[in-house]
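Given the sequences, and given the hints that come with them, work out the whole structure.
There are 2 protein chains.
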Amino acid sequence: MKMMRQAISLEEAQQKIQEITIKSKIANCLLSECLAEILAEDIYAPFSLPAFRRSGYDGYGISAADDHGFPKTFQVVEQIGAGNVYEKTLRPNQAVRIMTGAMVPDGVDKIIMLEKTKPIEKDKVLILESERNSNITPIGEEFKQGELLLAKGSQLNAGGMSLLAAFGYQRCLIKSKPKVAILATGSELLSPGEPIEIGKIYNSNSMLLAGLVKENGGIVSYMGTIEDNREAIEQQFHQLAKEVDVILTTGGVSVGDFDFLAAIAVAQDTCLFNKLAMRPGSPTTAFVFEQAPVLALSGNPGACFTGFYLLVEPLLQRYRGLSSKMRQTKMKLAEAYTKTTDFDRYVRGITINNTIQAVGSDKSSALGNLPVTEGFFKIPAGQTCASDQEVDVCLLPFK
Amino acid sequence: MKMMRQAISLEEAQQKIQEITIKSKIANCLLSECLAEILAEDIYAPFSLPAFRRSGYDGYGISAADDHGFPKTFQVVEQIGAGNVYEKTLRPNQAVRIMTGAMVPDGVDKIIMLEKTKPIEKDKVLILESERNSNITPIGEEFKQGELLLAKGSQLNAGGMSLLAAFGYQRCLIKSKPKVAILATGSELLSPGEPIEIGKIYNSNSMLLAGLVKENGGIVSYMGTIEDNREAIEQQFHQLAKEVDVILTTGGVSVGDFDFLAAIAVAQDTCLFNKLAMRPGSPTTAFVFEQAPVLALSGNPGACFTGFYLLVEPLLQRYRGLSSKMRQTKMKLAEAYTKTTDFDRYVRGITINNTIQAVGSDKSSALGNLPVTEGFFKIPAGQTCASDQEVDVCLLPFK
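Here the protein sequences line up with chains Z and W, keeping their order.
Under our numbering, the first residue of the first sequence is numbered 1, with each subsequent residue one higher.
Under our numbering, the first residue of the second sequence is numbered 1001, with each subsequent residue one higher.
Since the hints were derived computationally from the structure, they do not count as laboratory data.
One thing to keep in mind: the hints can contain errors.
Computed cross-link-like contacts, DSSO-like style, restricted to lysine-lysine with a CA-CA straight-line distance of at most 27 Å [what the hints assert, rightly or not]: (1) Z:Lys25 with W:Lys1118; (2) W:Lys1116 with Z:Lys363; (3) Z:Lys116 with Z:Lys179; (4) Z:Lys242 with Z:Lys23; (5) W:Lys1325 with W:Lys1275; (6) Z:Lys275 with W:Lys1118; (7) Z:Lys23 with Z:Lys72; (8) W:Lys1179 with Z:Lys214; (9) Z:Lys325 with W:Lys1214.
And the structure:
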């Protein structure tokens, strides 16, 4: 099952994935479930806010006609708590006791703060002095009816959710996260929790990809293994293509005799690539199976991790109309990198004082550095890089 | 119910909250549920990794004794897939076909990559040339048995979870997020979804706090309202203090006649403060009710938001042994701030090119700027700030 493979550059591969037609979906969700989701609609103010003239303080409301000649005694005709409505008109020397946030009755033109008053007896108050401001928030001071509250494409945070709640919204339309299936290949794989067996290894890639999908805007909707059997794999893909948006696989893409996945890929009209001119992860393969993009990542953890960020993350973001959250930049290398390779190499690195340096092993199989990797720096094919030399860097998204 | 209040500084208030004794808890969780959780134990490698000599490539394994005189024909005595074990010893001119990741049998000293071989007939292969490297990963190259994998206090990301999975871990101990109860006060409050009523407002603070708690390392385990009745409130606190770690309330802390919460606070021996020398949110109150910290935030959304970040966020982080994720810094003001106040004012701001400027209204009641606020800048009591003047800034955590 050895086959010819034509290596393409990472940039070409990214472009081909960018060109896959995807179907974005929209969901109508309870606002309380929408934290960090992306709005799929513009949302407008259904009424002005405040919707009524609102008292800014606890105090006494008086009319403009009475706003002179202090200190002066007023008759207190009503206590207006927040939420209460007083519909009568004030007569001369009448005041209303009013609380912060309460609706100011018509005919009340100023709120005198409690601190400037002195209760005399039941239903009587001495107002010591006036106020410079009315202490009344006018209707629509913050939002006019029909004004845009949040635009389509905004990410909902606590503040955004509270803004919609303030206008009585209980639900909103959001862009659905892509549903992702994660399939691991390899008869050498044990599941965590199983007893260890000589020659076998625990499957860490499924956990890796599940975490990466969740961290990067996807939903893990299926996890399983791929049998070493071409018909069974195709049958499984056929089922998954109906249920999920994206299929990720690990392993089975090399030139080994059991690498069935590579064979399925080349049999598709829609095979995008089956070799990348990059390390780690040169056998990474991509195709579309009955409309579902399949990204077949290396079974080597370091390569799987790198392939996820460089190829899968931008695809997942696209389902919600977002761009990749990887940050492209240039940084100086803190330590020389002296190994040359045939292909461009993306080395896992950590940043220190705005420089980057390799962290842990750069081997494709290494996984000890995955918890601490902050980004990748690129060593072009055939080159080495001296310390202080500037390199291209892709930083991982902020978490 | 007007009462004397002694205003303390924000720094004093933060210190008092920092001194509340809290009970941290630990949970034993499925690893797959641990994304972004904080490890409560050091985790060590239960075995070396690789646990066996591992083939780095697809190819043919030969003995050191046979590693000369190429090109040379070998008899292929076995096919070793990943996960398989071959226990016999190679004789002269024998080779094993071996896959990437498979266990290298004793007596095999080098893997010749497939590209440097040519199958001749069934069970025979022509090896064209040798390799510089053995292409065998030795036992323990990445981790030695007993080596620390992840330290207590690490935050689990996808990479960390996969590292533990690689060692067969299925569960781990994590620091529990604090359980938080959110209680809104005020008979003026409508729930989102209810029909609007004149004089009333939709409760947006509960949604705000629920989002803020989730964004900042807490679990919302109760949401409700507080009755305007002192005995009922105390009864509710009594119940909640048994069930949750922290109680947050909004509203009811001012000097209004219905502000029962302020009265409950001062009745506690454990009242930490009931007035802050800061705006917005000067009536913010804190006490401990039967071991549960109660942070009674303003009912004004802007003040509630500011109080959460300056007082509650550090408390929530402390339950998991973490420091506040707010970032203290200094920045230049992009635009002059000309209003003076009696107390230090924390103005909601956005950053532009490493400067900060006020965003939206600085009113305590304003909520339009909550979705976009990136931090607070401090205008000291009695001062104004010119543009380009340096101010103290608290930036919100990265999201």
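Hints and how they fare:
Taken as a hint, the Lys25 (chain Z) and Lys1118 (chain W) pair is broken in the structure, with Cα atoms around 51 Å apart against an allowance of 27 Å. This hinted pair checks out: Lys1116 (chain W) and Lys363 (chain Z) have alpha carbons roughly 21 Å apart, not beyond 27 Å. Note on Lys116 (chain Z) and Lys179 (chain Z): the hinted pairing is violated, with a Cα-Cα distance of about 61 Å set against a maximum of 27 Å. With a C-alpha separation of about 12 Å, the suggested pair Lys242 (chain Z) and Lys23 (chain Z) falls inside the 27 Å cut-off, and the hint holds.
Our distance criterion of 27 Å between C-alpha atoms is met by Lys1325 (chain W) and Lys1275 (chain W), whose separation comes to about 25 Å. With a C-alpha separation of about 22 Å, the suggested pair Lys275 (chain Z) and Lys1118 (chain W) falls inside the 27 Å cut-off, and the hint holds. As the CA atoms of Lys23 (chain Z) and Lys72 (chain Z) are separated by approximately 71 Å, the hinted pair breaks the 27 Å bound. Straight-line distance between C-alpha atoms of Lys1179 (chain W) and Lys214 (chain Z) comes to about 23 Å, which keeps the hinted pair within the 27 Å bound.
With a C-alpha separation of about 22 Å, the suggested pair Lys325 (chain Z) and Lys1214 (chain W) falls inside the 27 Å cut-off, and the hint holds.
In summary, the numbered hints that this structure violates are 1, 3 and 7.
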